[in-house]
Amino acid sequence: MAKKVLEVKNLSVSFHTFGGEVQAVRDVNFDVHERETLAIVGESGSGKSVTVQSVMQLIDMPPGEFKSGEVLLEGEDLIQKTAKQMEGIRGKEMGMIFQDPMTSLNPTMKIGRQITEGLIKHQGLSKTEAKKRGIDLLKLVGIPNPERRIDQYPHEFSGGMRQRAIIAIALSCNPRMLIADEPTTALDVTIQAQILDLLRDIQEETNTAIVLITHDLGVVANAASRVAVMYGGKIVETGTVDEIFYDAKHPYTWGLLGSMPKLHAETEELHSIPGTPPDLKDPPKGCPFAARCPYAMKVCENNMPDYTENSPTHKAACWLQDERAPKVEPPEDVLAGGAKQS
Amino acid sequence: MLRYLLKRFGYIVVSLLFITTITFFLMQAVPGGPFASERKLPPKIEQQMEEAYGLNDPVYVQYVDYLKNAAQGDFGPSYKYKGQSVTGIIKRSFPYSLILGAEAIFLALAVGIFLGVIAALYHNKFGDYAAMIFAVLGISVPSFILAAVLQYVFALKLQVLPVAKFDTFWHTVLPAIALATTPLAFIARLMRSSMIDVLSSDYIKTARAKGISSKVTIYRHGIRNAILPVISYLGPLVVAILTGSFIIEKIFAIPGLGNEFVESVTNRDFTVIMGTTVFFSVLLLFSILIVDIIYGFIDPRIKITEKQGGDA
Amino acid sequence: MSQSQLNQTDFEPIEYEAAEAEKISGQSTSYWKDAWRRFRKNKLALASIIVIILLGLMAAFGTVLSGQNYFDNDLISANKPVSGGHWFGTDNLGRDIFARTWYGARISLFIGLSAAFIDLVIGVIWGSVSGYVGGKVDEYMMRIADILTGVPYLLVVVLLTVIMPRGLWSIIIAMTITGWINMARIVRGEVYRLKTEEYVMAAKSLGAKATRIMWKHLIPNMLGPIIVTLTLTIPNAIFTEAFLSFLGLGVPQPQASWGTMTSDALDSLRYYPYQLLFPAFFICLTMLAFNVIGDGLRDALDPKDRS
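Protein chains in written order, with the working numbering: chain A, 1 to 342; chain B, 1 to 312; chain C, 1 to 307.
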C-alpha cells in the first residue's frame, strides 16, 4: 500500500465579507498517496480552489478563517505551522501550479531567475549550480534549447511552453506533492494532452503525489487515478476513476457525466444541470445539491446525508443510498463508460 | 536602437522648429514693439534702437536670422538687460533651477513611491486612508499656496529655516518641498493603485507558492512591476517641476531660470521669452526621450528594436 | 440529526421544478442606479457636494450678506484684522475682504467652470470624430494633439496671456486652446472601445447616420468617463487661474479673483497673514471638493471596484 502523502481531515474554511460569512469549504476529507493522481472535480464556486489553497496556506487570514480541521503532510499538521515554517515547506515539500500560464509568471524577470529563486532559497545552491539545475529542469519538461531559453523572458515563450516552465518551477526542489489548479484549462486541446502526459511521466519518475483540480471530465479520464467530486463546499462522492465513470452513485456526478459530450451517444441533446450553485453565505441545512436534484426527497432538504461506503475506495453522500429510499437508476447514457474512451 | 534614436531626434527637431516658429510669431503679434512700455523714448532714438536690433527688416528675414542663430545657441541679446545675452542669462540662472529641480524630483519620487507602497500594503486599513488623505490634500493645495504657508510657518514664525534666496542647502529645503508636494501626491496614488493591481496578480501567488518570503516577494516581484507606471510618469513629472519653478522661484527669490522667465514676461523682454521657451522645450523633449529609453530597459516586453521570440 | 429520528415518509420524493432551480434572487439594478448607490456610500464625496453647493450660494449671495461691497476704498481702515464690521478683515486699500472673497469666488468659479466646459465641448467633438472615423483622419488629428502637448500647458497659457489684453476672457481662451486635449484623448479611447460593440454595428447596418450613432449610442455610454474627466478638469482650471494671477497675469483691478487676492497678499504675509489665508483657503477647499467628487465618481462608475 503506497504511503499517504497528504491527509485532509474535517477541513472547514470560511471568508468574512461585507455580506456575511461565506462558508467556502465545509467539513472536507480526502487523502492522496505517492504516485497517485487525485482529481477534484466541480463547478466554479464549489470550493475546489479554496480547498487546495488552504492546504498550501495561501489564503489570507483575515478575511479567511480556518474554522476546523487538520491538514497532514506526511503526518505533520500544516495548520499548526507558523508562517515562516510554511515558507520553508511551500516550494520545497509541496509545489503548486495555477491556471493561467499567461499571468502566472513575473513578466519582468527572466525565466531562469524564477526557477533558481526557489532552488537558492530551499536548497542553498549557488547561482551557477542553480542555473545548471534550471537548465536540466527545462530539459526535463521538454523545452528545447534550454541553455538559451533560461535567459529569456516569459513573453518570449508560448502558452504551452510557459506552463511547462511553471511545472519545472514547481518541481524544482523535488516536492512530495504537486497541486495543479486547472493546469490545462487555458490551453489548446493538443497542448493539454502534452501537458497531462508530461505530468504523468514526471510522476512515474519521481513518485510525486498529484492533486489535479479540473471541471473537465475528459482531463479526469486521461490523467487521474482517483476522483473527488465537490459541490457547495462539500465532497459529495469519492472513488477510483473506474468507479466514478462506471458506477457513480451521486445525482450530481450523474449530472456531470451526462453533460459531457460523447462520441457514441445516442441522444442528440446535451444534458445540463439547470440552476445555479447554492449561496454559501447561507448554506442549505441539508444536502447542498437538493435544490437542483431531480431525485430530491423530503429528507434531503433538512438533513445532511452521511457517507455510504460502496467499497473501500468508493464513498458517496446521498440519501438515495439509504435503504428506506426508493431505488433510483442513473439516466440512460450517463454511465456505461462511453466517457472513458473519448 | 540607432534607428529608433534617429527617428526620435527627427521628431524633436520638427517639434522644436514648430515651437520656435509659433513663439516667434506670437511675439510679433504683441501690440507695440519691445520698447513700447519703457519711458517714452525720443522717436529718433527709438528708431535707432529698432534699427540696431534688426527690427525693421521684413518679418521673414528676422525669422530666418533667428533660426540660424538659435541653431548655434545664440538667442540674441536681452532687450531689457543691456549688455546681457539671452544665452548668458540662461547659463547663469539655469544651475539654480537645476539643483532645486533635482531635489524636488528626488523628494517626489522617494517619498511618493514609499507612501504608495505603504498604502497598498495596508490597503483599506489605517495606513492606506492616512496616506490617501495626504495625497488628495497634496493635489488640492497649489504649490504656491503651500510655499506661502511654509514660508510663514517655518521661516517667519518659527524661524528655523531661511525665508528666501539661495545661499546654503537649507535655503533649498522649503522651495523643494513646495515644488515636490503635488507631484509627490500623484506618484503616491499612482504607485498605490499599481501596487494593489500587481499584488493581486497570479505571479505573486506563484512566488508565494514557491515559499518565497513575503518581504522578498513584495520587493522582488511586486515593486519591480508596480513601478512601471511611475516611470512613465517621469516625463510629466519633469514638466510639473519645471512649470512649478516659475512661481516657487519668485516667492523664494531664487535667481533661477524660472524666475528669469517670469521677469521677462512681466518686462515683455521678447528675446528672453523666446530663448527660455525654446530652452525649456529642448529640456523637456530630451527628458521624455530619456524616460522612454529608461522604460525600454526596465520593461523587457518593450523591445525597441528586437523581434519577439516564441516557438511552441 | 441521527438516522433513527427519520421515518419512511421522509424519503418521499419532492416535486422537481427545473424552472424553480433557475430562479435568481436579489433585484437587478441599472448601471446608473448601481453607480449612485456606490457613490452614496462615499461620505467624503457627499460632503464635498454640499460644500460646492454652499460655495455656489455664497458666491451668488455672499456679497450682500455683510453689507459691504468689494471695491470701496477706505484707507483709514486699511489692513484691519478680523472684526465685527469686517468679518474677514480689510486689505491694504481698506476694502472688505469678506465681500471681495465672495466676489472673487464668482470670478474664479466662472473661469474654472467655463474653461472646463469649453474643454469638454471641443474635446468631445474632436475625440468623437477622430475615434469614430478612424484611419488617416484619426492619425492626423491625434498627431496634431500630440504636437500641441509638446509644449507644457502652463507655458502655453502664460505665453498666450502675454500677447492678449488682460481680462477674463483672455484667460479663459488661453486656458482652453490646449486644455481640451486630455478630454479628446479619453473620448477617443472610449469611442474606439465602443465602436466594436454590437449595438453600434447593428445601428450602422441599419443605415443610421454617423452623427445619430454618435449622439444616441456612443455619447450616452461614454458619459461616465466624460463626467469624471470634467469634474477633475475644474480644479485644474482654478489652479491655472491662480497660477496666472501669481505671475501678474490675472484679472485686472478692481476686479478680484481668489488668485489675485492671494497673490496681492503675499508681500504683506508677515504682518497680515489673514489677507492671504482666506482666499487661499477657499482655493484649496474648492479644489479639494472637486477632486474628492471626481475620485468618488470614478470609483462609483468603474465596475472594477475592488471592495
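Rather than coming from a laboratory, the hints here were simulated on the basis of the structure.
In this text, a Cβ means the ideal position worked out from N, Cα and C, and glycines have one as well.
Some hints here could point you the wrong way.
Said to hold, decoys possible - Simulated restraints on C-beta separations:
no. : chain 1 : residue 1 : chain 2 : residue 2 : range
1   : A       : 61        : B       : 134       : 46 to 56 angstroms
2   : B       : 10        : C       : 56        : 26 to 36 angstroms
3   : B       : 47        : C       : 163       : 20 to 30 angstroms
4   : C       : 31        : A       : 82        : 29 to 39 angstroms
5   : B       : 102       : A       : 127       : 29 to 39 angstroms
6   : C       : 163       : B       : 13        : 18 to 28 angstroms
7   : B       : 161       : C       : 75        : 30 to 40 angstroms
8   : B       : 2         : A       : 81        : 19 to 29 angstroms
9   : C       : 43        : A       : 81        : 25 to 35 angstroms
10  : C       : 13        : A       : 308       : 17 to 27 angstroms
Unchecked claim - Reference listing, derived: stretches of chain A covered by chain C, where coverage requires no fewer than 3 residues with Cβ under 8 angstroms from a Cβ of chain C:
no. : segment
11  : 41-50
12  : 289-301
As the list claims (entries may be wrong) - Footprint (simulated), chain B over chain A, 3 or more residues, beta carbon under 8 angstroms:
no. : segment
13  : 11-21
14  : 68-81
15  : 118-126
Quick check: which numbered hints come out false for this structure?
-> Failing hints, ascending: 1, 2, 4, 8, 9, 11, 13, 14.
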